[in-house]
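Q: Protein chains in written order, with my numbering: chain A, 1 to 428; chain B, 429 to 717.
These are computed hints drawn from the structure, not numbers from a lab. Predicted, not measured: the structure shown is a model, and the values here were computed from it. All C-beta atoms in this analysis are idealised placements derived from N, C-alpha and C, irrespective of residue type, glycine included. Hints may be right or wrong, so weigh each one.
Said to hold, decoys possible - Covered, in the sense of this in silico footprint (three residues per stretch, anywhere, with C-beta under 8 Å from a C-beta of chain A), are these stretches of chain B:
(1) 443-454
(2) 461-470
Stated by the list, open to error - Cβ pair distances, simulated, as ranges:
(3) P126(A) to F657(B): 31 to 39 Å
(4) A410(A) to G477(B): 31 to 39 Å
(5) G122(A) to E482(B): 27 to 35 Å
(6) D578(B) to S220(A): 33 to 41 Å
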Amino acid sequence: MSFFSVANLGRAAVVVGALAASPASAVNLEFYFPVAVGGSAADTIKALTAEYMATHKGVNIKAIYAGSYGDASAKAITAARGGNAPQLSVLLSTDMYTLIDNDLIVPFDDYVSKPEMKKWIGGFYPAFMLNSQADGKTWGIPFQRSTPVMYWNKKAFSEAGLDPNHAPATWKELVSISKALTKKNANGNVTQWGLRIPSAGFPYWLFQGLAIPNGATLASADGKKTFFDDPKVIEAAQFQYDLAHKYGVMAPGSIDWGATPKAFFEGKTAIMWTSTGNLTNVVKNAPFDFGVAMLPARKTRGAPTGGGNFYLFKDSTEAQKKAAVKFVQWITAPEQAAKWSIATGYVAPRPDAWKTPALQAYVKKVPAALVARDQLKYAKAELSTYQNSRVTKIFNDALASVLSGQVDAATAMKSAQAKADAVLKPYR
Amino acid sequence: MRRTTIYAWLMLLPAMVLLMAFTHYPAIRTIIASLHSTARGHRASVFVGLANYERLLSDDVFKQVLWNNLIYGALTVPVSIAIAISMALLVNYKLRGRGFVRMAYFTPTVLPLIAVANIWLFFYTPGFGLIDQIRGMFGLAQQNWIGQPDTVLYAMMVVTVWKEAGFFMIFYLAALQSISPSLYEAAAIEGASRWTVFRRITFPLLMPTTLFVSVNAAINSFRLIDHIFVMTGGGPNNASSLLLYYIYQVAFREWDTAYGATLTVVLLAILLLLAVGQFFFFDRKVHYK
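With the sequences and hints as input, model every part of the structure.
A: Following this line, the structure appears as structure tokens:
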């Protein structure tokens, strides 16, 4: 009895709420966003959304925090499958093929005029568009994008007799400098590692920071083929293994992603590789002078891009789609992109955003913010394929088996390639 | 007569509706889904017979997580029970500060598993975690307990035992207090040693509790995976992945819902076997007569 009356009350409340909230012609949008780094990301998104609604009448946007990237994509896909999709969502740029495959999103092209297309979509850094376009269409708009960079502890460099203003620029230097930084106590136990490249969390991503400078690509641009057994990939995997087991400059076993900044602050590692999205965190918490540099070069410089894009969901009205695209145009415009970048440390995805007074003042204060932007010249696509989670997991498992010494690099990568081929075959 | 039948059915109805809607219907749907392919975009789901089950047989990850889960259950269940009995015996004596010790043993149970996992994550962190700080005092090298395939599963078992033993202790404590003191008095008159008393009186009389606890512990070993999310994500290379975690990965990360359903059927079958086995075969032998 009481159950039914509660249900009725709920229904009545929804009706009343809807009547109160929306003027007759207003467009209602739901927008899911994930937060992957510390700091004020969620507040900033909510503030920007509120600002948009205050200046643009006739649109209601509900910005919904949806957890980590993984959670957000699980929520969005579940909602879409249940016929209750959000109109707009920020999800990993690498989810693109999965979302296309499940027929959940539409490209932005149909909702933007030709000149706007050129001016707006053409205005992003090309490196960020690599994981955003497929089949000649634009499915994702870069928003919270990042790239891995190298942070180093200048105090530890001085103590080891190294030049505190020179970060390792090549793999060779990475090994020799890290060796000088690895400190052992009287018992022969390591008290400070030279280098820390996390291998749990997003193993493939930081691995790409080794593979791309070595000239290797992990997947084709159409997301239908992987190149895990490329000798250059095997060589990079071998190098990551060697850093711990041959050169002894990095802790053996898998290295946690989340504890990496803490290990850096505590002096347990003198150099760390992590997302540029951690910059604000490091600026606030590092108790010593630190530097930020591009990842070291092998054949060339190089790094993957990372982070999230805006996606437009299919299951919505034309009016909603148009309103959603307008909002995305606004929030990625220079002024807003600058605000967002300063609050979080994400790389502002457009050159014109870097020309805004706000961002220029910020770079004067934190010049390290420029490193990630400058690295974009050398950046390549992040690993992204059809059935992305499954293919990525195949690769991560293979890399873990190499780093833990279970299997040699060549065998592991060849078997991973065979498994990925089996998954991707139906798409070719 | 007829009226009472209708009355009985009406009384049963609410529980039956809930059970059907939230247990039986989803289970049947899962079995049906396991016989179909996963729908993707324009490709609708089609009947594929036992193809998903054939995939199980050639799926190395499935074999590994199943094996992991068996080791995990085979070790965590008896160890939790042994520790629970020891703790219950200890706090059943009239020792000083008994209330405090009881509470200390029970505390891990009150904490959510997610919180427990975060605590242990700190314990295990190589270099500056609690365990390594203590090892450092004795001049021992740092150990990456949850970063190596050969130690990670055991490290996860420690968390489970730590979390569960205190809960099971409560059941044993209640059971101990219901054992008649006259039995112990008789044993004392006979001059039985403490070990004989435990083996001949206490342990047999605790058997119904042990059955109940072992059923629960065995089911929990397949059911509780929160710490895996927080601590390892099943890694490295699936070394700490358990069946339910793999189901989650397949169904909600890879969106292969049909194969996820197939794995779920396997899990259902295992749980059914466990329950049936324990109740029908062991139940006859546990009651001391």
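Q: Is 27 to 35 Å right for how far apart the beta carbons of G122(A) and E482(B) are?
A: 49 Å, violated
Q: Please count how many residues of the segment 461-470 of chain B have a CB within 8 Å of a CB from chain A and say whether that reaches 3.
A: holds (count 3)
Q: At least three residues with a C-beta closer than 8 Å to a C-beta of chain A: is that true for the segment 443-454 of chain B?
A: Violated: only 0 residues of the segment 443-454 of chain B have a Cβ under 8 Å from chain A.
Q: Is the distance from the Cβ of P126(A) to the Cβ of F657(B) consistent with 31 to 39 Å?
A: 36 Å, holds
Q: The hint says 31 to 39 Å between A410(A) and G477(B); measuring C-beta to C-beta, is that right?
A: With a Cβ separation near 38 Å, A410(A) and G477(B) satisfy 31 to 39 Å, so the hint holds.
Q: Do the beta carbons of D578(B) and S220(A) sit within 33 to 41 Å of each other?
A: 36 Å, holds
The structure fails hints 1, 5 (numbered hints given earlier, in ascending order).
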